[in-house]
Amino acid sequence: MSTDQAEHEILRDMLGKESRRELPEFSPPLHARIMRNIQECERVDTPQQWRLAPTWYGLAAAAALAIGVSLWAFSTMSNKVVPPSPVVSGPTHPVGPSVTPAYTDPETGITTAVADAQSGLNQERYAGLDSDANNLVNYAINQIDPLGQ
Amino acid sequence: MDGPPDNLAAMTDEQLAGGAQNGDMRCFEEIVRRYQTILLRFVRRQFPNVPDTEDVVQEAFMKSYESIDRYQNRWPLRTWIFTLAYRVGITHARRAKTRTTSALPDYQADEGSTPAELAGAREPRRSLWDTARQVLNDDQYRALWLFYAEDLPISDISEVLGMSLVAVRTMLHRGRKKLTPYARRLKEISGENVAAPNIGDAT
Chain A
1 MSTDQAEHEI LRDMLGKESR RELPEFSPPL HARIMRNIQE CERVDTPQQW RLAPTWYGLA
61 AAAALAIGVS LWAFSTMSNK VVPPSPVVSG PTHPVGPSVT PAYTDPETGI TTAVADAQSG
121 LNQERYAGLD SDANNLVNYA INQIDPLGQ
Chain B
1001 MDGPPDNLAA MTDEQLAGGA QNGDMRCFEE IVRRYQTILL RFVRRQFPNV PDTEDVVQEA
1061 FMKSYESIDR YQNRWPLRTW IFTLAYRVGI THARRAKTRT TSALPDYQAD EGSTPAELAG
1121 AREPRRSLWD TARQVLNDDQ YRALWLFYAE DLPISDISEV LGMSLVAVRT MLHRGRKKLT
1181 PYARRLKEIS GENVAAPNIG DAT
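Line by line, the protein sequences are chains A and B.
Just so we're aligned: 78 in our numbering is position 78 of the first sequence, and the numbers increase by one with no gaps anywhere.
If you want our numbering, it's the 1-based position in the second sequence plus 1000.
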């Protein structure tokens, strides 16, 4: 038998015997006290659960309300974040009296309007650079032809 | 009274726990009947500075009744009940410690004394468990108690004390090493009608 095993056997024998000797007698009064306490606790617990129920409902309602308010606030904030683009009025310059040409011919009027619109678009898109380049090319071509002659 | 009590007595702890989970109060009462004295001994030994150990036992049963629905029978009921009692005892012991330290038993008042000083112990007849209380630290003592007095396996002791298996094995090993000389000495002199050797004798 190893030393550890021998120690274990000695202690198991002696400590086991001692602890069995120390086991107290079963106490009916203590048993009755424990069971009475448990039953009282059970009786008290039942109405408490009912009393607690409205509290839980209240908490749920409060949580729902909080969520609703949060959603409303969020949607409000979202609207504020992307407001409709405001009309920013730039510095006002004196503008000469606009002369509206009298378009007697509707076809000419339409063509002019389209050309103006196209020009405006190009102006916005290329800042007029394309027309400048076009003019420059035309000028260069005009210069070359006389040289060829 | 012949039918149900006999059936209850034949039921295992885990079957009784199942019955209690289904609301059968007789099953829980049988659990109390089985563990009442065992827990009382456990609490008296582990928390000697707690003035009313019966309160600890009662609270442990109250807690086990309140949480019986959470008991899972993959653990032995015995381990579960000891765990609850141990935790309740710890709480009571802390309260008792904050209330007063003057009423501590001798073994705690003697903490820090040398074995030679302890050799002049006042009690003429001391059990080996009393000696263990003096020479072992709290964890070693608890592990030894659960192992030798309550017959719990190491895995269950680790569950009750909230320690790893390795830690419990270490506690047991060191506890045995420290206590065996006293046990041998006690065995030698047991024929002389002396309950336990003085602490200094075995060193």
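If you are wondering where the hints come from, they were derived from the structure by calculation, not from laboratory data.
For each residue, glycine too, the CB sits at the ideal point set by N, CA and C.
Just so you know, not all the hints are guaranteed correct.
Sample of chain B residues facing chain A (criterion: CB under 7 Å; computed from the structure) [what the hints assert, rightly or not]: (1) Val1032; (2) Gln1036; (3) Arg1041; (4) Pro1051; (5) Phe1061; (6) Tyr1065; (7) Ser1067; (8) Ile1068; (9) Ser1127; (10) Asp1130; (11) Gln1134; (12) Tyr1148.
Results for each hint:
1. Val1032: Result: holds, 6 Å to nearest chain A Cβ.
2. Gln1036: This interface hint holds because 6 Å falls under the 7 Å limit.
3. Arg1041: 5 Å, holds
4. Pro1051: 16 Å, violated
5. Phe1061: Holds, because the Cβ-Cβ distance from B:Phe1061 to chain A comes to roughly 5 Å (cut-off 7 Å).
6. Tyr1065: With Cβ-Cβ at 5 Å, under 7 Å, it holds.
7. Ser1067: 12 Å, violated
8. Ile1068: Violated: closest Cβ of chain A sits about 11 Å from B:Ile1068, beyond 7 Å.
9. Ser1127: 5 Å, holds
10. Asp1130: 9 Å, violated
11. Gln1134: 15 Å, violated
12. Tyr1148: 4 Å, holds
Hints 4, 7, 8, 10, 11 from the list above are not met by this structure, while the remaining hints are.
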